[in-house]
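**Q** Residues per chain are reported as follows:
2 protein chains.
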Amino acid sequence: MIKVPGFKGSGVSSGIKKKGKKDLALIFSDTPAKAAGVFTLNVVKAPPVILGMERVKGGHCQAVVVNSGVANAFTGKRGYADAVLTTQYVAKELGIDKDLVIPSSTGLIGGLLPVDKIKKALPRLVSGLREDGFEDAAEAIMTTDAFPKFASTTVNIGRRKGTVAVIGKGAGMIMPNMATMLAYVITDINVGKRALTKSLKHAADNSFNKITVDGDTSTNDTVLMLANGRLGNKTLDATGADYRKFEKAVTETAAEVAEMMVRDGEGATKAVKIVVKGAKTAKDADKVARTLGNSLLVKTAFYGEDPNWGRIVAAAGRAGVKFNPDKLDLYFGDHKVLSSSKQVIDEKKAQKILKQPKFTVTLDLKTGKASSFILASDITFEYLNINAHYRT
Amino acid sequence: MIKVPGFKGSGVSSGIKKKGKKDLALIFSDTPAKAAGVFTLNVVKAPPVILGMERVKGGHCQAVVVNSGVANAFTGKRGYADAVLTTQYVAKELGIDKDLVIPSSTGLIGGLLPVDKIKKALPRLVSGLREDGFEDAAEAIMTTDAFPKFASTTVNIGRRKGTVAVIGKGAGMIMPNMATMLAYVITDINVGKRALTKSLKHAADNSFNKITVDGDTSTNDTVLMLANGRLGNKTLDATGADYRKFEKAVTETAAEVAEMMVRDGEGATKAVKIVVKGAKTAKDADKVARTLGNSLLVKTAFYGEDPNWGRIVAAAGRAGVKFNPDKLDLYFGDHKVLSSSKQVIDEKKAQKILKQPKFTVTLDLKTGKASSFILASDITFEYLNINAHYRT
Numbered sequence: 001m002i003k004v005p006g007f008k009g010s011g012v013s014s015g016i017k018k019k020g021k022k023d024l025a026l027i028f029s030d031t032p033a034k035a036a037g038v039f040t041l042n043v044v045k046a047p048p049v050i051l052g053m054e055r056v057k058g059g060h061c062q063a064v065v066v067n068s069g070v071a072n073a074f075t076g077k078r079g080y081a082d083a084v085l086t087t088q089y090v091a092k093e094l095g096i097d098k099d100l101v102i103p104s105s106t107g108l109i110g111g112l113l114p115v116d117k118i119k120k121a122l123p124r125l126v127s128g129l130r131e132d133g134f135e136d137a138a139e140a141i142m143t144t145d146a147f148p149k150f151a152s153t154t155v156n157i158g159r160r161k162g163t164v165a166v167i168g169k170g171a172g173m174i175m176p177n178m179a180t181m182l183a184y185v186i187t188d189i190n191v192g193k194r195a196l197t198k199s200l201k202h203a204a205d206n207s208f209n210k211i212t213v214d215g216d217t218s219t220n221d222t223v224l225m226l227a228n229g230r231l232g233n234k235t236l237d238a239t240g241a242d243y244r245k246f247e248k249a250v251t252e253t254a255a256e257v258a259e260m261m262v263r264d265g266e267g268a269t270k271a272v273k274i275v276v277k278g279a280k281t282a283k284d285a286d287k288v289a290r291t292l293g294n295s296l297l298v299k300t301a302f303y304g305e306d307p308n309w310g311r312i313v314a315a316a317g318r319a320g321v322k323f324n325p326d327k328l329d330l331y332f333g334d335h336k337v338l339s340s341s342k343q344v345i346d347e348k349k350a351q352k353i354l355k356q357p358k359f360t361v362t363l364d365l366k367t368g369k370a371s372s373f374i375l376a377s378d379i380t381f382e383y384l385n386i387n388a389h390y391r392t
Numbered sequence: 001m002i003k004v005p006g007f008k009g010s011g012v013s014s015g016i017k018k019k020g021k022k023d024l025a026l027i028f029s030d031t032p033a034k035a036a037g038v039f040t041l042n043v044v045k046a047p048p049v050i051l052g053m054e055r056v057k058g059g060h061c062q063a064v065v066v067n068s069g070v071a072n073a074f075t076g077k078r079g080y081a082d083a084v085l086t087t088q089y090v091a092k093e094l095g096i097d098k099d100l101v102i103p104s105s106t107g108l109i110g111g112l113l114p115v116d117k118i119k120k121a122l123p124r125l126v127s128g129l130r131e132d133g134f135e136d137a138a139e140a141i142m143t144t145d146a147f148p149k150f151a152s153t154t155v156n157i158g159r160r161k162g163t164v165a166v167i168g169k170g171a172g173m174i175m176p177n178m179a180t181m182l183a184y185v186i187t188d189i190n191v192g193k194r195a196l197t198k199s200l201k202h203a204a205d206n207s208f209n210k211i212t213v214d215g216d217t218s219t220n221d222t223v224l225m226l227a228n229g230r231l232g233n234k235t236l237d238a239t240g241a242d243y244r245k246f247e248k249a250v251t252e253t254a255a256e257v258a259e260m261m262v263r264d265g266e267g268a269t270k271a272v273k274i275v276v277k278g279a280k281t282a283k284d285a286d287k288v289a290r291t292l293g294n295s296l297l298v299k300t301a302f303y304g305e306d307p308n309w310g311r312i313v314a315a316a317g318r319a320g321v322k323f324n325p326d327k328l329d330l331y332f333g334d335h336k337v338l339s340s341s342k343q344v345i346d347e348k349k350a351q352k353i354l355k356q357p358k359f360t361v362t363l364d365l366k367t368g369k370a371s372s373f374i375l376a377s378d379i380t381f382e383y384l385n386i387n388a389h390y391r392t
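Here the protein sequences line up with chains A and B, keeping their order. Each residue of the first sequence is one higher than the one before, starting from 1 at the first, in my numbering. Each residue of the second sequence is one higher than the one before, starting from 1 at the first, in my numbering.
Hints listed in this document are in silico derivations from the structure and should not be mistaken for laboratory results. Being a predicted model, the structure only gives us computed values, none of them experimental. Just so it is clear, CB atoms sit at the ideal spot from N, CA and C, and this is done for glycine as well. Fair warning: there could be bad hints in the mix.
[Stated by the list, open to error] The following label-pair restraints were derived from C-beta to C-beta distances:
(1) A:Lys366 <-> B:Gly232: 49 to 59 Å
(2) A:Lys366 <-> B:Gly240: 48 to 58 Å
(3) A:Val84 <-> B:Gln343: 15 to 25 Å
(4) B:Gln343 <-> A:Gly20: 23 to 33 Å
(5) B:Val344 <-> A:Lys283: 38 to 48 Å
(6) A:Lys120 <-> B:Pro357: 39 to 49 Å
(7) A:Ser127 <-> B:Pro357: 52 to 62 Å
(8) B:Pro357 <-> A:Glu131: 50 to 60 Å
(9) B:Lys280 <-> A:Lys283: 18 to 28 Å
(10) B:Asp99 <-> A:Lys327: 24 to 34 Å
(11) A:Met1 <-> B:Glu347: 26 to 36 Å
(12) B:Gln343 <-> A:Lys19: 48 to 58 Å
(13) B:Gln343 <-> A:Lys18: 15 to 25 Å
(14) B:Thr367 <-> A:Lys77: 13 to 23 Å
[Said to hold, decoys possible] Selected chain B positions facing chain A (in silico; Cβ < 10 Å):
(15) Gly111
(16) Pro114
(17) Val115
(18) Asp216
(19) Lys299
(20) Gly310
(21) Ala314
(22) Arg318
(23) Lys322
(24) Ser339
(25) Ser341
(26) Lys342
(27) Ile386
Can you build the whole structure from these sequences, using the hints too?
**A** Shown next as structure tokens:
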């Protein structure tokens, strides 16, 4: 269970989803919190993302309202007006300024936001705010997720113990359309503006930006961070030992939730950490890792628990990165499969590793010192079931 | 059936594949033909590709020997020596210079070429050479292909009627590893060196380079063109009306075989032409078309016959190309789905189009005048069956 001093959460059913499932979440800070955000790089940005990008520039946020079921994406001016209206209703119900409310939406692309349903549910949503209400909130932002996703940790800042918590939802698709990766980082630690932005970027780059389920970037991806300063520590700068501890806590907690997203990727049976090292630049390493993590060949081999190293080296070769194909080392877990591109695989050992639900694949390009990784799921029959064979 | 004056084909079983299936093919020109080639851009190139790139530089080729079942890829110096040895044996059997023989291999990555099996089968392969033997050759180069692939056409060059024929195999994977796209263009037309190279590049760019089954570039991709000049026409330059007719014939015949590759993509039930127009540059249009053609979201929607336009615009938005997301026009076949990003879809009409085995999707970015296209298959349960659930 998550508790962060000065924050409250809530999640209710507003009737967007069927069968009385929770579909509306609220994250609320007793006082305006400092805020920073990272948003989708997709050219097609959903109106709530555009509005969120504008509002986070103000530097403060007190409430985040999230609905699932409808992404309010590709809805144009009407969608933007609906997002603004929703935040006005929320602000009124909470008695705060509307500019302190940031909205998120996840679900079907193209559908209009049912603002009336949301408005009607707001009194229940607000009266339901509780210090231990984040599990309800995490449940209410789920789409095809199988379980709610949250994690938290504590950090000692001086003599005080601060808390960092992350609530997120999975990177996948909803019936019958694309959904969203959403994550919210909340902390009671008093963090300066630069430290907030820097730590969020670092955390996102090393967690949510390092996962892939299907290689498709959503129109609604959002990671927001709220710091309400309730801990009363001296404002954290973007340098120094305390900052580094804080950044580490944010990054690790975000990585925990990111890993849940991969484990819970649509139809996924495997969470594979693909490490690429020995690259000339980190960008090169990242390119190769991403190509492997998104290769259908590689992902179906993982699903088939097939130590098919040929697919891995072939996919690496098309990543657009130069390396000497005669010098590759490749490992499944600790087992060496290729040594300077010579086969040293023990098929039985390799297969035993691939039968695990979680394992690491390491490719050493041996052309430099940079490395990167990606966390990838496999592609399974259930994935196709979810994405090809359901239709509302 | 294919016949090209001065060319003969043959295909036999050498025992690389099981159950006596044909696995060794020979394309032979009575006289040395002018040759040009296009090869995989994968950093990991199979030894037969490396050898083929070297030999085609000589400008002439008289025989192409192709085996299926083993890709002779990622086999290092030994693999290269095996490829050279094979061409020596073939040259000896045919009584020609080994430098006039180009090898191709397709099948399992990492396995060594069974040179002895090939050597033993060569007398049968050579004595089996016939003018109408190209169907056997097309069958012998198949891996997971369901049917052999070839097409031919005639072109009037001055008063003479020349022939252009293409033999190919599908872009997909073999159990349990990646295979290859291979294609051979043969013609009796007398073509100059520049015209040969130019027409082959044009044809490949507009056929084999415009298809995608799974987005994975093989280590063995090869397109070779042989022109034996038997027609006796005045050597074709790279300009003029006759050249343009020739280029068109090569391109259209190659496109015919390329379309067969998509229709026969592993597990495919759909061949979808994705046209992107109104882009600033052809490169931009190509980027967007490729992103759509490789998006799992889009491909599973095609499989599900689901007019899921949200997946298409979202995938377009992550292609790395700038456009105004409020101005998009989208068509399924002739049916307009989005008009300046407003939904004008008739779900029933749209679904009727998507139920066809072959249809066109057109996305107009309305930011320029350039266009491109890609021919894509869908991703199906059978695809997963082939690539995850078989293992020799």
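**Q** Determine for every hint whether it applies to the structure shown.
**A** Verification of the hints:
1. For lysine 366 (chain A) and glycine 232 (chain B), the hinted distance range of 49 to 59 Å is satisfied, since their beta carbons lie about 55 Å from each other.
2. The hinted range of 48 to 58 Å is satisfied by lysine 366 (chain A) and glycine 240 (chain B), whose Cβ atoms lie roughly 51 Å apart.
3. Restraint check, valine 84 (chain A) to glutamine 343 (chain B): a C-beta distance of roughly 22 Å satisfies the suggested window 15 to 25 Å.
4. In this structure the supplied range 23 to 33 Å holds for glutamine 343 (chain B) paired with glycine 20 (chain A), their Cβ-Cβ distance being about 29 Å.
5. Range check, valine 344 (chain B) to lysine 283 (chain A): about 42 Å between beta-carbon atoms, so the 38 to 48 Å window is met.
6. Under the hint 39 to 49 Å, the C-beta atoms of lysine 120 (chain A) and proline 357 (chain B), about 47 Å apart, fit the expected range.
7. Remark: the range hint 52 to 62 Å for serine 127 (chain A) to proline 357 (chain B) is upheld by a beta-carbon distance near 55 Å.
8. Distance hint for proline 357 (chain B) and glutamate 131 (chain A): a CB-CB separation of about 58 Å, consistent with the stated range 50 to 60 Å.
9. With their beta carbons about 25 Å apart, lysine 280 (chain B) and lysine 283 (chain A) fall inside the hinted range of 18 to 28 Å.
10. Our hint of 24 to 34 Å for aspartate 99 (chain B) and lysine 327 (chain A) holds, since their Cβ atoms are close to 30 Å apart.
11. The hinted window of 26 to 36 Å between methionine 1 (chain A) and glutamate 347 (chain B) is violated, with their beta carbons roughly 44 Å apart.
12. Remark: the range hint 48 to 58 Å for glutamine 343 (chain B) to lysine 19 (chain A) is contradicted by a beta-carbon distance near 27 Å.
13. For glutamine 343 (chain B) paired with lysine 18 (chain A), a C-beta distance near 23 Å keeps the hint of 15 to 25 Å intact.
14. Taken as a hint, the range 13 to 23 Å holds for the pair threonine 367 (chain B) and lysine 77 (chain A), whose Cβ atoms sit roughly 20 Å apart.
15. Checking glycine 111 (chain B) against chain A: minimum C-beta separation of about 9 Å stays under 10 Å; hint holds.
16. Of the supplied interface hints, the one on proline 114 (chain B) is violated, with its beta-carbon coming no nearer than about 17 Å to a beta-carbon of chain A, more than 10 Å.
17. Violation of the interface hint for valine 115 (chain B) is found here, the shortest Cβ-Cβ separation to chain A being roughly 18 Å, above the 10 Å cut-off.
18. The restraint placing aspartate 216 (chain B) at the interface with chain A holds, with a minimum CB-CB distance near 5 Å, inside the 10 Å limit.
19. Because the closest C-beta pair between lysine 299 (chain B) and chain A is about 9 Å apart, less than 10 Å, the hint holds.
20. Annotation: interface hint on glycine 310 (chain B) holds; nearest CB of chain A at approximately 3 Å, less than 10 Å.
21. The interface hint given for alanine 314 (chain B) is met, as the beta carbon of that residue sits about 5 Å from the closest beta carbon of chain A, less than 10 Å.
22. Using the Cβ-Cβ criterion of 10 Å, the hint placing arginine 318 (chain B) at the interface with chain A is satisfied: the shortest such distance is roughly 4 Å.
23. The closest approach between the C-beta of lysine 322 (chain B) and any C-beta of chain A is roughly 6 Å, which is under the 10 Å cut-off, so the hint is satisfied.
24. Taken as an interface hint, serine 339 (chain B) does not check out: its beta carbon lies about 12 Å from the nearest beta carbon of chain A, beyond 10 Å.
25. For the restraint placing serine 341 (chain B) at the interface with chain A, the shortest Cβ-Cβ distance is roughly 7 Å, inside the 10 Å limit, so the hint holds.
26. The interface hint given for lysine 342 (chain B) is met, as the beta carbon of that residue sits about 7 Å from the closest beta carbon of chain A, less than 10 Å.
27. Restraint check, isoleucine 386 (chain B) versus chain A: the minimum CB separation of about 9 Å is within 10 Å; hint holds.
Violated hints for the displayed structure, listed by number in ascending order: 11, 12, 16, 17, 24.
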